[in-house]
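K.L.:
Next come the chains, spelled out residue by residue.
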Amino acid sequence: MASAFEYAPAPESRSVVDIAPSYGLFIDGEFTEAAGGKVFKTVSPSTEEVLSEIAQAGAEDVDRAVRAARGAFGKWSALPGSERAKYLFRIARIIQERSRELAVLETLDNGKPIKETRDADLPLVAAHFFYYAGWADKLGHAGFGADPQPLGVAGQVIPWNFPLLMLAWKIAPALATGNTVVLKPAETTPLSALFFADICRQAGLPKGVVNILPGYGDTGAALVAHPDVNKVAFTGSTAVGKEIARTVAGTRKKLTLELGGKGANIVFDDAPVDQAVEGIVNGIFFNQGQVCCAGSRLLVQESIQEELLESLKRRLSTLRLGDPLDKNTDIGAINSEEQLTRITSLVEQGEAEGAERWSPACELPESGYWFAPTLFTNVTQAHRIARDEIFGPVLSVLTFRTPDEAVAKANNTQYGLSAGIWTEKGSRILAVANKLRAGVVWSNTFNKFDPTSPFGGYKESGFGREGGRHGLEAYLDV
Amino acid sequence: MSDRLTVLKTYKLYVGGKFPRSESGRVYEVTDAKGRWLANAPLSSRKDARDAVVAARKAFGAWSGATAYNRGQVLYRVAEMLEGRRDQFVREVADAEGLSKSRSAAVVDATIDRWVWYAGWTDKIAQVVGGGNPVAGPFFNLSSPEPTGVVAVLAPQESSFLGLVSVLAPVIATGNTAVVVASEKSPLPALSLAEVLATSDVPGGVVNVLSGRTAEIATPLASHQDVNAIDLAGADEELAKDLEIAAADNLKRVLRPQPVDYAETPGIDRMTAFLETKTVWHPTGSLGASGSSY
Numbered sequence: 001m002a003s004a005f006e007y008a009p010a011p012e013s014r015s016v017v018d019i020a021p022s023y024g025l026f027i028d029g030e031f032t033e034a035a036g037g038k039v040f041k042t043v044s045p046s047t048e049e050v051l052s053e054i055a056q057a058g059a060e061d062v063d064r065a066v067r068a069a070r071g072a073f074g075k076w077s078a079l080p081g082s083e084r085a086k087y088l089f090r091i092a093r094i095i096q097e098r099s100r101e102l103a104v105l106e107t108l109d110n111g112k113p114i115k116e117t118r119d120a121d122l123p124l125v126a127a128h129f130f131y132y133a134g135w136a137d138k139l140g141h142a143g144f145g146a147d148p149q150p151l152g153v154a155g156q157v158i159p160w161n162f163p164l165l166m167l168a169w170k171i172a173p174a175l176a177t178g179n180t181v182v183l184k185p186a187e188t189t190p191l192s193a194l195f196f197a198d199i200c201r202q203a204g205l206p207k208g209v210v211n212i213l214p215g216y217g218d219t220g221a222a223l224v225a226h227p228d229v230n231k232v233a234f235t236g237s238t239a240v241g242k243e244i245a246r247t248v249a250g251t252r253k254k255l256t257l258e259l260g261g262k263g264a265n266i267v268f269d270d271a272p273v274d275q276a277v278e279g280i281v282n283g284i285f286f287n288q289g290q291v292c293c294a295g296s297r298l299l300v301q302e303s304i305q306e307e308l309l310e311s312l313k314r315r316l317s318t319l320r321l322g323d324p325l326d327k328n329t330d331i332g333a334i335n336s337e338e339q340l341t342r343i344t345s346l347v348e349q350g351e352a353e354g355a356e357r358w359s360p361a362c363e364l365p366e367s368g369y370w371f372a373p374t375l376f377t378n379v380t381q382a383h384r385i386a387r388d389e390i391f392g393p394v395l396s397v398l399t400f401r402t403p404d405e406a407v408a409k410a411n412n413t414q415y416g417l418s419a420g421i422w423t424e425k426g427s428r429i430l431a432v433a434n435k436l437r438a439g440v441v442w443s444n445t446f447n448k449f450d451p452t453s454p455f456g457g458y459k460e461s462g463f464g465r466e467g468g469r470h471g472l473e474a475y476l477d478v
Numbered sequence: 001m002s003d004r005l006t007v008l009k010t011y012k013l014y015v016g017g018k019f020p021r022s023e024s025g026r027v028y029e030v031t032d033a034k035g036r037w038l039a040n041a042p043l044s045s046r047k048d049a050r051d052a053v054v055a056a057r058k059a060f061g062a063w064s065g066a067t068a069y070n071r072g073q074v075l076y077r078v079a080e081m082l083e084g085r086r087d088q089f090v091r092e093v094a095d096a097e098g099l100s101k102s103r104s105a106a107v108v109d110a111t112i113d114r115w116v117w118y119a120g121w122t123d124k125i126a127q128v129v130g131g132g133n134p135v136a137g138p139f140f141n142l143s144s145p146e147p148t149g150v151v152a153v154l155a156p157q158e159s160s161f162l163g164l165v166s167v168l169a170p171v172i173a174t175g176n177t178a179v180v181v182a183s184e185k186s187p188l189p190a191l192s193l194a195e196v197l198a199t200s201d202v203p204g205g206v207v208n209v210l211s212g213r214t215a216e217i218a219t220p221l222a223s224h225q226d227v228n229a230i231d232l233a234g235a236d237e238e239l240a241k242d243l244e245i246a247a248a249d250n251l252k253r254v255l256r257p258q259p260v261d262y263a264e265t266p267g268i269d270r271m272t273a274f275l276e277t278k279t280v281w282h283p284t285g286s287l288g289a290s291g292s293s294y
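So the protein sequences, as listed, match chains S and Z. If you're matching positions, the first sequence starts at 1 in full-length UniProt numbering and goes up one per residue. If you're matching positions, the second sequence starts at 1 in full-length UniProt numbering and goes up one per residue.
Source of the hints: derived by calculation from the structure; they are not laboratory data. For clarity, every value in this text was computed on a predicted model and none was experimentally measured. A portion of the hints provided could be inaccurate.
[Stated by the list, open to error] The following label-pair restraints were derived from C-beta to C-beta distances:
1) Glu-264(Z) with Pro-227(S): 25 to 33 Å
2) Ala-198(Z) with Thr-341(S): 54 to 62 Å
3) Ala-408(S) with Pro-20(Z): 27 to 35 Å
4) Thr-10(Z) with Ser-427(S): 45 to 53 Å
5) Gln-258(Z) with Pro-21(S): 45 to 53 Å
[Unchecked claim] DSBU-like mimics (lysine-lysine), calculated; alpha carbons at most 35 Å apart, straight line:
6) Lys-242(S) with Lys-241(Z)
7) Lys-115(S) with Lys-75(S)
8) Lys-124(Z) with Lys-242(S)
9) Lys-409(S) with Lys-124(Z)
10) Lys-9(Z) with Lys-242(S)
11) Lys-124(Z) with Lys-425(S)
12) Lys-242(S) with Lys-75(S)
Every residue, glycine too, gets a C-beta built ideally from N, C-alpha and C.
Please take these sequences and the hints and turn them into a complete structure.
P.N.:
See the structure below:
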């Protein structure tokens, strides 16, 4: 990529991680073949290199895993909370110990920069287990009654954008509250969940408390529909979330959904421009924009549009795209060919509908799945690139004149997950934050996460919260 | 008793602060527990349901934006008005549910007390379920509950007044607006409650009351794209499943039917079912080696 600064390659060593040529399903404390004998390959999105061959769970395996989880539930839920806590503290510590290995693994399997897995994903994963560990023996103080009870077997389906972090968001609160779990990682990123199975072994976690079933959408559908699952937690697309809501209709299964978004990042004329530009870049190019809470719509006050876009373009020209294992890389690979196709098609539609496309000069590697940071101007609210979640490094820029107009445009979406506000005026922050229909509002910052901070959506971005005291509710019989 | 013929009341719907008949012009016969005629209640259509949603949406901004203290005062005013109409409700509930005068009086008293209970919640729920989060970084981080929006409420079929208020009050206490489908068999207490609401300080549209066939009215509400949530208390198992499937289309928050003893003091779960959690972050700045960054 053209840049004022040339950097020598600084790759993180791959030798810290040992990926086996094949992995089984993790059921009842053992790795096992899929009943149907099916396997699939997981590739490194930055090189298309095959990393490993993974057993693919079918309906029979789902049944076996749910039975294992049910079998483990009685003892696990009857443990004193203080004992469950210690298992989770152990897991948190082992994750910290193995965090470099897991960061490299995640970068290989997902394609995101090592800078992010090392500095964001892994510290948050460990912190999440550490946080919920402490809740396990304090549930009577959480505001859900004196003795809230676990639900039973939790069926959890997670996405590929933050594989291990989404696992942590699902498994930590489930175990702390005394549930047992069957978790399906995404088909493009199964490895870190399988490494987590090994962490469970090291921690001495009782067999059957955590079961990992790699597979595709049909595996997830079988898990969600299994009659002996008491709780369903899903993070992923809004379309699949709706299908899951239909599947569990009429049952007693408790459901939480964390779905898509089309977050508005609102920049007022008095915003500190340099900080806002960093926030915009972080908002839409963090993890290649494959983030449900991405700030994918930039709403900029008309009077500063020119100045802001100039700064933004200058900043985008300095982003380094390439080898995700390189410590200087800002933009990694798109997770899969399928996702790259989706991004490409939406971007083409944006151009066809009349929006103006811009990218910095940017050389894409020859193999792997890549998409240059992209910015659209002349975007109207009716354009698909302003309405649909692209889930890629693509920013749609719209303008506004008054705060009311900014709020109206920000809320003009089926989604309601995140929003950003940039202004130096405190009362404006509070007034606008109050009116935004979104579950997380970042003011003068963006894409901040913390285990103590509840996360989740309004409207079609889903329901229920993950993180914080609020996150316990999803796994308790309350 | 004199021979004077009593003046009967025409029961009407309550939509947007007005008392229309069903746009369909239809009514159905409502009888007491012994089958004696009580009234012809409006038989609402899907168009009535849609009109009610429009009214509820229109009222949402001001009601959710009112201070919690103000909402508490308004709800308390409702209890005051109910107290004044106590005898009327005792009669209506006795007729509807086949209760003795004294049993009915106990139910009505409990209902009025329930309004008072929820009136007191409006400015406390945010402190109970919200709060500051101790994030690991220089950020102020606050989670607050906010109302979900327009909530369709299928009132319980059996408990026509205490049950109704027990599902309606928690919805509006927190700032939602409601479209209520009254008990199909016993809609009169609900339709009379509307008259109380209209003469309290509850803004028009905050509560809209429809009578008729629960399944007929609930189906368009469950699939309505501008309804944010639905309480299925008054739906049987089969209808509840169909409605939950329809509700998935825009991911409504769904409160499934469950056994409830409406005589018991409720918990906060009927409020939290229709609350969203908003979390707001802001940097706090920090004192670095080179001095202040704030």
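K.L.:
If a hint holds in the structure, say so; if it does not, say that too.
P.N.:
Here is what the structure says about each hint:
The hint said 25 to 33 Å for the Cβ distance between Glu-264(Z) and Pro-227(S), and at roughly 31 Å that hint holds. A beta carbon spacing of about 57 Å between Ala-198(Z) and Thr-341(S) agrees with the range 54 to 62 Å that was offered as a hint. A C-beta distance of roughly 31 Å is found between Ala-408(S) and Pro-20(Z), which places it inside the suggested range of 27 to 35 Å. Between Thr-10(Z) and Ser-427(S) the beta carbons are some 50 Å apart, a value that agrees with the proposed interval 45 to 53 Å.
A beta carbon spacing of about 51 Å between Gln-258(Z) and Pro-21(S) agrees with the range 45 to 53 Å that was offered as a hint. A C-alpha spacing of about 15 Å is found between Lys-242(S) and Lys-241(Z), which places the hinted pair at or below 35 Å, so the restraint holds. Only pairs whose Cα atoms come within 35 Å are accepted, and Lys-115(S) paired with Lys-75(S) is rejected, the gap being roughly 40 Å. Straight-line distance between C-alpha atoms of Lys-124(Z) and Lys-242(S) comes to about 33 Å, which keeps the hinted pair within the 35 Å bound.
For the given pair, Lys-409(S) sits about 32 Å from Lys-124(Z) by alpha-carbon distance, which is consistent with the 35 Å threshold. Only pairs whose Cα atoms come within 35 Å are accepted, and Lys-9(Z) paired with Lys-242(S) is rejected, the gap being roughly 45 Å. A C-alpha spacing of about 29 Å is found between Lys-124(Z) and Lys-425(S), which places the hinted pair at or below 35 Å, so the restraint holds. Among the hinted pairs, Lys-242(S) with Lys-75(S) is consistent with the structure: their alpha-carbon atoms are about 34 Å apart, no more than 35 Å.
When the structure is compared with the earlier hints, violations turn up for hints 7, 10 and for no others.
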